[in-house]
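Trainee: As a plain string of letters, each chain reads:
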Amino acid sequence: DVKVTQSSRYLVKRTGEKVFLECVQDMDHENMFWYRQDPGLGLRLIYFSYDVKMKEKGDIPEGYSVSREKKERFSLILESASTNQTSMYLCASSPAYRLSGNTIYFGEGSWLTVV
Amino acid sequence: EDQVTQSPEALRLQEGESSSLNCSYTVSGLRGLFWYRQDPGKGPEFLFTLYSAGEEKEKERLKATLTKKESFLHITAPKPEDSATYLCAVRVSSNTGKLIFGQGTTLQVKP
Numbered sequence: 058d059v060k061v062t063q064s065s066r067y068l069v070k071r072t073g074e075k076v077f078l079e080c081v082q083d084m085d086h087e088n089m090f091w092y093r094q095d096p097g098l099g100l101r102l103i104y105f106s107y108d109v110k111m112k113e114k115g116d117i118p119e120g121y122s123v124s125r126e127k128k129e130r131f132s133l134i135l136e137s138a139s140t141n142q143t144s145m146y147l148c149a150s151s152p153a154y155r156l157s158g159n160t161i162y163f164g165e166g167s168w169l170t171v172v
Numbered sequence: 013e014d015q016v017t018q019s020p021e022a023l024r025l026q027e028g029e030s031s032s033l034n035c036s037y038t039v040s041g042l043r044g045l046f047w048y049r050q051d052p053g054k055g056p057e058f059l060f061t062l063y064s065a066g067e068e069k070e071k072e073r074l075k076a077t078l079t080k081k082e083s084f085l086h087i088t089a090p091k092p093e094d095s096a097t098y099l100c101a102v103r104v105s106s107n108t109g110k111l112i113f114g115q116g117t118t119l120q121v122k123p
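Just so you know, the protein sequences line up as chains A and B, in that order. Quick note: our numbering has the first sequence finishing at residue 172, numbered continuously throughout. Quick note: our numbering has the second sequence finishing at residue 123, numbered continuously throughout.
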């Protein structure tokens, strides 16, 4: 079974703190993603990476950065956390595009509260 | 603009009462349509991928179908444990795998 593991399920951070959310996948997938999910807004893509050290902005990258130094690991960084970044963060991974077998798998989510 | 719309937003069924959830999409080039189930406080769990019009997939009480403009998730004789939010998403880029999600349908099945 594919496993996408997010290191922290629940975090509480103070405004202005630097926050790291870590994600590891065990299926040797090329693509990795970070989404956030908010009531009424659905899932929105923050950043994605299609290879080690490669990254591209998603729909809402402001206030976030990412790091992918190893194929299996993708980190989301909040440089200076703000209360409007309180949300559920979802990491996902998928193989590179093929005619079939492109399923994107999600982790369990990280609930971040910024106070 | 690529868009995915799910309906209804919420659906209440009695146990055993079959129904369908709709996902309509307008995209420039479909590279796969995905259905996920999401339980409260958890990440989306993969159910099905459909790639071409006419394709169907089944799993237990769920059956997903695809046309050129929409997908249906049919739930036959649902049970209370089928209660969850069902998310539809489309993949439009073959380069990156980015998904565009609908807002979801929250299903409640009462015993």
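Read the hints as simulated data drawn from the structure, not as lab findings. Here a beta-carbon is modelled for each residue, glycine too, at the ideal position from N, C-alpha and C. Check before you lean on any hint, since a few could be wrong.
What the hints assert, rightly or not - Once the Cα atoms are required to be at most 16 Å apart in a straight line, the calculated EDC-like pairs of lysine to aspartate or glutamate come out as: (1) Lys60/A - Glu21/B; (2) Lys91/B - Asp51/B; (3) Lys127/A - Asp95/A; (4) Lys54/B - Glu165/A; (5) Lys127/A - Asp85/A; (6) Lys91/B - Asp14/B; (7) Lys110/A - Asp95/A; (8) Lys122/B - Glu57/B; (9) Lys54/B - Asp85/A.
Stated by the list, open to error - Coverage of chain A stretches by chain B, computed from C-beta distances (three or more under 8 Å per stretch; other residues unrestricted): (10) 72-84; (11) 159-172.
Trainee: All hints, please: hold or fail.
Mentor: Do the hints match the structure? See the list:
Taking the CA atoms of Lys60/A and Glu21/B, the gap is near 30 Å; set against the 16 Å cutoff, the hint is violated. For the suggested pair Lys91/B and Asp51/B, the alpha carbons sit about 15 Å apart, so the restraint of at most 16 Å is met. Note on Lys127/A and Asp95/A: the hinted pairing is violated, with a Cα-Cα distance of about 29 Å set against a maximum of 16 Å. For the proposed pair Lys54/B and Glu165/A, the alpha carbon gap of about 5 Å is at most 16 Å, so the pair holds.
With a CA separation close to 10 Å, the supplied pair Lys127/A and Asp85/A stays within the 16 Å bound. For the hint pairing Lys91/B with Asp14/B, the CA-to-CA distance comes to about 34 Å; that exceeds 16 Å, so the pair is violated. Straight-line distance between C-alpha atoms of Lys110/A and Asp95/A comes to about 28 Å, which puts the hinted pair past the 16 Å bound. Distance hint between Lys122/B and Glu57/B is unfulfilled; the C-alpha atoms sit about 22 Å from each other, more than 16 Å.
A threshold of 16 Å between alpha carbons decides the hint, and for Lys54/B with Asp85/A the separation of about 23 Å lies outside it, so the pair is violated. Coverage of a stretch by a chain is defined here by at least three residues with a beta carbon nearer than 8 Å to that chain's beta carbons; for the segment 72-84 of chain A and chain B the count is 0, and the condition is violated. Counting residues of the segment 159-172 of chain A whose beta carbon lies closer than 8 Å to any beta carbon of chain B gives 9, which reaches the threshold of three, so the coverage claim holds.
Checked against the numbered hints listed earlier, the structure breaks hints 1, 3, 6, 7, 8, 9 and 10; every other hint is satisfied.
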